[in-house]
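Enquirer: Here are the chains, one letter per residue:
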Amino acid sequence: MDQAKTTTPVLECKDLCISYYTRRGEVPAVVNFNLTVMPGEAVGLVGESGCGKSTVALAIMRHMGNNGAITGGSIKFLGRDITTLSDEELRSIRGSQIAMVYQEPMASLNPSMRAGDQLNEVLMIHQDMSEEKARQRSMALLSKVRLPDPERIMKAYPHQLSGGQQQRVLIAMALLSNPKLLLLDEPTTALDVTVEAGIIELIKDISREFGTSMIYISHNLGLILETCHRLTVMYSGVAVETGSVKQVFDKMRHPYTRGLFNSIPLPGTDRFARPLVPIRGQLPLPSERPHGCSFGPRCNYFQLGRCDKPIPMFAVKNDPGHETRCVRHEEIDWALSEDAGAAQEPMRIGVPVLEVTAMKKYYEIRDNSIAGMITGLRKRFVKANEKLDFTACEGETVAIVGESGCGKTTFAKVLMGLESATEGEVKIKGRDISKLSVQRRDPQLVGSLQLVFQNPFETLNPSHSVGAQVARVIKKFGVASNPDEIQRKMFEMFDLVKLPREFAFRKPRQLSGGQKQRIGIARAFGGKATVIVADEPVSALDVSVQAAITGVLTDIQRKKRTTMVFISHDLSVVRYLADRVIVMYLGHIMEQGTAEHVFAPPYHPYTEALLSAVPIADTSVKKKHIVLKGELPSPINPPTGCPFQTRCHRKLGVICETEMPPERDMGNGHKILCHLSDEVLRGMDPVIAFGAADRASSDIESPMRKRPPAELAQDVVAKG
Amino acid sequence: MLPLIGRRLGMMILIMLVSSFILYSLFESDKDRVVIQAIGPYTSEEQRQAWLDQRGYNEPFLERYVGWVGRAFRGDFGTSVQFDKPVMEVILPRLMNTGILALWVFSLTVMISLVLGVLSGIAEGSAMDRSISFVSVLTTSVPEFASATFLLAIFVFWLGWLPGTSSGPGAFFRKELILPVAVLVIFNFGYYTRMMRASMAEVMNSQYVRTAVLKGMPFRRVVLKHALRNALIAPFTVMVLQINYLLSGVIVTEVVFAYDGFGRRLYEAAQFNDVFVVEACTMVAVALAVATQFISEIGYMILNPRIRLT
Amino acid sequence: MTDQALPLPARRTTFEKLLAAIALLKESRIGMIGLCIVLFLLVVAIIAPVLPIMDPLKQYSSHLLAKPMTEGPDGVFFWLGTDDLGRDLLSRLIWGAQRVFIWAGLATLSAYTTGMLMGVAAGYLGGRWDDILSFIGNLIMSFPLIVLYLVIIGRFGATPLNIIVAVTLATGPQVMRIVRGIVLDLKTRDYIAAAQVRGEHPIYIMLVELLPNARGPLIVDACLRMGYVTITIALLGYLGLGLPPPDPDWGSMINAAQKFGSFGANAMLWPAAAVSTMVLGLNMLADGLREISLRD
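Residue numbers (this note's numbering), protein chains in the order written: chain X, 1 to 720; chain D, 721 to 1030; chain S, 1031 to 1326.
No lab work stands behind these hints: they were computed from the structure. C-beta: ideal position from N, C-alpha, C; glycine also. Keep in mind that a hint or two might mislead.
In silico DSS-like cross-links for lysine-lysine, where the CA-CA straight-line distance does not exceed 30 Å [as the list claims (entries may be wrong)]: (1) S/K1289 / X/K379; (2) X/K155 / D/K895; (3) S/K1217 / X/K360; (4) S/K1289 / D/K895; (5) X/K624 / X/K559; (6) S/K1289 / X/K489; (7) X/K133 / D/K945; (8) S/K1047 / X/K507; (9) D/K945 / X/K180; (10) X/K476 / S/K1217; (11) S/K1047 / X/K489.
Output of the computed footprint for chain D on chain S, the stretches with three or more beta carbons under 8 Å from beta carbons of chain D [stated by the list, open to error]: (12) 1221 to 1229; (13) 1295 to 1301.
Reference excerpt, derived from the structure (chain S facing chain X, CB under 8 Å, subset only) [to be verified]: (14) E1239; (15) N1243; (16) P1247.
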């Protein structure tokens, strides 16, 4: 704070108001927003979709599109108000003093220009550099962002680069003319976890090496913890809490912030012992925001007469730099963990329902190129699944974890009968269905094996009412046949996913993302499902909604004793939900076992890297940092030997490149596919550890951190 | 890219073969009909048989077809009934005239629509955009024969400034081109403009144009260097494919203005039941259409690095 | 999550939905003008038999190529004048409108049904189906349209059925291409996968799951397409390939009048204006619909 008096901030937003103009009139997107960024500081902006965080970033660039405008306040960049600059002054700042990195690297690069040209022009325009000099500087920057072979990257078109490489090119582009301020708008959201870890590492190094101030925008609190010094939590267009990372994470003083933390699966949460607590209600539309506290309608501490009038930012007492937009922040007993979820009995796990034995799925691709014709190698195989072996029992949740191209979706397709297995068996209650296409399956079988999809915006047919879509399943799978009966069953499904029955008449566009996903779940369970495959069912949802959806899934699973195959790349959710975990990489199962075994040493090196890559929003957690080198290989052209050898940080040598590793049984069904010796495997340290030092420093304990959550979980198990 | 081109070439030839087969079976499978059309209805049975024998019509259909394709490939489509001259001699000079007309129309249309499309696409929703859009809706609603009617009424019958019809073979005046070109450009530029506008507007809203703007590129450079090339990809294909429709329009326009072109030859041959000329004209038209399709696809590949480099 | 943030829709009848759609169109001025033009022409065409107009076939040899607002014999009045055979232009225009609506409407319908079914099959089934259907489409589209009409109608004669077949052949593949493109995009959506996963028949998926979602762009395209077909029908009349005389037909009216253009352009301007107005109306309607569909 003392520093603030002596140095000018890089950026200072004062009472910033931004509105969009639609046919229905002016819609305020951001209201009275304040933000200060000091030199060399990294500030996080956190919030769920629609909270206005990206709008703020674009406003700093003064890029509001045709229908947006800054309606009040100021944005001072190094003392100059951006809102009053001329277009030409603005242009000279953009890209040279303030630079931005975007969410979708592929879409953000010009598809018909070489990467090199896109880099060079920044220097040639802003600094009048010759093309040759610009080229040299661009190459230097490309090596700085740790891209191998900058020469090749310069010549490449964007589509010839992987997602991670594209993002590195964009970061290099942003850094070319040494900007004072770097805006990062969800730079890793579109990337795989291990690639994300590499980018995050790079971003941290940048702020260290270049001293660039940063604004890091994300919905992921874990990423903010890793990259930022301070953060501002936004909700529905306003900043609700701001402070240092420690202040906000350990001594949060706004009910929304706490709600957010309660709904993310941190290590130690458990779907039975410590279920997540979703925030009730949903985000108000910008045009329907309440007059007073915007979080009021969803807040447990809402008080008439106080919370329903405009609320200013309050400085938290005895905590300099920490501010909250909550009138009652001094009255609420923050230590009281009253909104922790009620513990439930763990599920009983029954007999095996799904048995997969030595299943393989190869895709054949025809090579019609001239080279293919000459060599005669016209057919090639993509080994999407290579020898999958596992079982799933009644009432059990088996998670399949892996990054893109690992073969998890292919497996789901075989299970659903959209593809047939090349070899091996997939048995449902003893019956082999590996080669039985969905068209040839009887309705009961089809109904007993259903899928919950990832993207709530695509999972429902926009032309039909949601009720009709659930009813179709009930009719199709022969659960009921006469219309009244079908309607009754349909309403029962709505009750089951906790949606009001009137919703049945709505079209999907009249539902929010979470509500759509509930319909998706109702549809999947409509036909007396015995096995549900949930393909990333929550990854497209906001965190507070994720908690609600996982809750619904767990509830129904408990009631119906369904087996769930949970496909995900998100280890936090997997740790929270799964009984058993299967880690896949390029079509192979690298490790499998119960969740406790997989999440604790011994690890497969890939699991170890995955675990370390997952950002965790807990200041007390100490993590090993393992950043994998290279890119995910293509399944069309997999590496020889162990599939993971090209990126492995524990690679032994030639043996990994030539021989497929053996499957090592570590006991209790815990299997690891690796050349490492048992001693090395057993001697591994845990990736995640709970550090005690941080907790001692906070004077007021947060309820969540009274005890290491792992102990909590053990307690409950012991009591049960 | 090469194998793609090879496949396209193969497809071209296949389309030519199939369409020639359909055409031949439509017009010549019934040989009695052919002979009546060729030497007239008031002929004796012997005369007809002699004609058929002489030209190999009594052989099996498929053999006849193969022979026909072989001859057509060498440019021999038989003798025009109407003019009693080899078909090619009747068509070729006319193709030249049509070429001149089409070239003018195509280049003018493309130029006008590129400029207007870019101007309205970069400023979506502006007054300029709305007026350009309105004008293009208006002009695309007036088909060639209707706009020809209006222009004839004004410039020929009322003002008497321009000739209404061509002055016959041999004589060829620039002035005769004005009305046909105007009619075709008026009807066609609107469609092209809207295509270009839509593509430009989409590209201007893309994230990579936002990247270019936010890295401080001057607006000119954003439009010319970042947006235009990408915006050209989709309309390019359509514009070239549209040559096919343009050809239709050219035929109509030639008929309206009695312009001595290939289209009017085809139209008159069809009216006269001059089978061999119709066949030849149709094959020439199909060859042109297929060739432009081929060009459009090659152009698309060249413009689009994502296809060029895989 | 049992909130009621979004308004609950009442269930509506088809007529109410239609009214609502028109109400929506109000926001686009261009669309409203287009709708008015089309509706006006449609109403005039429908009530042609009861309108107090003259017999379109009756020839007044004393009044050939009369100017507008000419008084004829027996107290008849030529509002728009007469043609080269002394027939009343106004009544010929109105009866011609009826004819255009009937034939353009039927031809568009037929072309659309064919093109839509081919397109959805090619797009959804893919593989061999797509290869074959797309080949047929490409084959037809490599004939310049007018050549196709000259060949088909020239070979088989100008009967109503042949005209509809020719228009279907010429227009169907274009519709197919559009539908195929839309379906290729739509079929990657999860709700299609959901239908496959529950073992729905491909025909059910195509007709119930896919086509309804393509209706937005297809309605817009159908308006444009109807405009083109209107042009085609008039053009065929103009080229003498349309339905045989003496029934009034805008195209053949223009053609006949052009021959006498030097004696007065009146008779050829009205039908040309009529064709253009109708196409303009359809195009503006399509434009308005597109504008609205892009909004939400």
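Enquirer: Identify every previously stated hint that the structure contradicts and give their numbers, smallest first.
Expert: Of the numbered hints, 1, 2, 5, 6, 12, 16 do not hold.
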